[in-house]
Amino acid sequence: MIKSFLLLTLLLITMIVFISLHDYTFTRKRSLQRLQALTELTHNAQLSLSVAYDEAQYNPTYPEMAHLKRMDFIYEQ
Amino acid sequence: MNSNFWNNAFWHFLTLQLFKERSKHLTVAIISILLLFLLSSVLFISSSIRFSLEETLEAQPDFVISRLQGGVAVPTPLSWSDELLNIYGITKVTPRVYGRYFFQPKEKSFLIVGVDFFEEQSQKNLEKLIKNIDLKSFLKDPQMLVGKGVKEYLAENFYKNEYKFLTPKGKFETIKIFKTLPKETQLIANDMIIMPIDLARNVLGYSEDEVTNISFNVPNPDEWNQINDKISALHYDLQIINKKEVKKSYQTLYNYKGGFFLILFLIVLMTFSLILYQRYNMVYSSEKRHIGLLRALGWSINDVLKLKFMETLIVIISSYIIGVFMAYVFVFILDAPLLKNIFLGGQNLQNSVEFIPVIDMATLSSIFLLYALPFITAVLIPVWRVSVSNPKEAML
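Going down the list, the sequences are from chains A and B.
Residues in the first sequence are numbered consecutively from 1, following this note's numbering.
Residues in the second sequence are numbered consecutively from 78, following this note's numbering.
Source of the hints: derived by calculation from the structure; they are not laboratory data.
Everything hinted at is true.
Pairs of lysine to aspartate or glutamate, EDC-like flavour, derived with a Cα cap of 16 Å:
hint : chain 1 : residue 1 : chain 2 : residue 2
1    : B       : K321      : B       : E135
2    : A       : K29       : B       : E131
3    : B       : K169      : B       : D193
4    : A       : K29       : B       : E431
5    : B       : K325      : B       : D139
6    : B       : K185      : B       : E233
7    : A       : K29       : B       : E132
8    : B       : K324      : B       : E131
9    : B       : K260      : B       : D412
10   : B       : K324      : B       : E135
11   : B       : K253      : B       : E239
12   : A       : K29       : B       : E135
Whenever a hint applies, use it, and build me the whole structure from the sequences.
Structure (structure tokens):
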């Protein structure tokens with residue numbers, strides 16, 4: 001086996017180790033606790049989508065359909 | 078594995094040839110890395126958002142009722158919450174006041190949420206959210222807590238410490254910015270403004286006996302259907318939504334977006350495999366001569382196939398690891414600039430979400446198989462066709 005191949009293998013192993021270490025050491029608990037505290041405080045967990053004012057984030061009446069207002073807008077067009 | 082395996086002549090020859098012909102493999106590897114990087118990034122973002130939402134949904138109320146008129150939500154009477162309290166099995170009945178406030182000069186909008194800070198539970202949750210917050214000084218004047226996106230946006234528009242809200246009655250309500258919400262909550266709080274519930278009523282134009290909707294919990298899941306029927310019978314214009322429906326709507330949204338990219342990836346991968354197949358099918362004369370030479374030297378068809386298989390496998394594994402690594406760094410360390418707009422939008426306030434690392438091994442393995450199998454097939458079939466031919470003909 002030549003040196004260049006060994007170097008490539010080492011580089012790939014380093015990448016895997018980096019991903020594993022970052023994933024393992026990330027403080028998920030703190031992030032999730034804060035998200036849950038905010039949800040419990042506001043009783044609301046709407047995703048903060050950066051959408052236009054007239055575009056609803058999801059349709060609460062029929063969750064799998066586009067929002068009624070949005071559909072009206074399409075029909076008007 | 079023993080040391081002989083790594084030091085044997087086959088491996089030496091294989092690695093030597095791999096690096097000798099690196100320019101040939103490099104083009105294929107770069108295209109593969111780019112494809113894998115894009116697809117893995119999209120799937121990382123999608124699974125991270127889904128994970129965060131599922132975790133927050135755990136803390137969400139089980140049911141929400143609101144009043145509908147002509148299919149459109151209208152203010153819900155506050156008296157409905159007393160009716161709910163009389164039903165056995167229902168707990169935590171909470172009237173909610175929230176709505177979007179349009180910032181006219183720049184056509185942006187914020188989500189205003191009213192909270193009853195005199196409730197003990199709300200105070201505890203606020204302390205959990207913002208450590209060492211002084212509630213007394215917060216409630217002393219009309220003040221609000223704002224998401225990072227709102228804070229930055231207002232500061233850009235010269236509202237550094239306070240903002241004058243125009244109420245539907247035509248009056249101005251000046252509210253001071255008390256604190257910014259923690260950056261970990263950006264996913265749901267970027268455009269959020271939290272203020273005392275009475276203040277929110279003023280800004281959004283609700284009267285004292287009106288709320289946006291009412292949430293409540295039903296701790297026993299076996300009673301969900303029964304309670305649902307009981308509540309639906311209370312009023313004809315009442316709409317009831319449970320947590321499962323909201324969860325389903327988010328999953329549909331992100332499965333759709335992730336799936337869309339997966340289909341695009343499959344199309345591109347098919348095209349890429351066809352190009353590879355074409356390329357190896359018209360095996361260059363030097364390649365053909367090389368295979369013929371190996372066969373003439375006594376290599377069996379199996380040996381030639383093994384050599385080409387291992388060579389391809391190394392290219393595939395290397396491209397895969399590099400592509401996934403780049404995607405990981407891009408999404409979970411650099412927070413996916415540009416690409417996150419596909420999921421979070423970019424028409425309103427800029428959102429700089431910190432994505433929680435979530436590695437879905439099932440999806441990653443599927444990507445690997447989807448990528449590796451057509452690649453190996455596209456290379457090995459033409460090589461096998463040359464190997465089975467007469468070495469003399471191959472070397473011509």
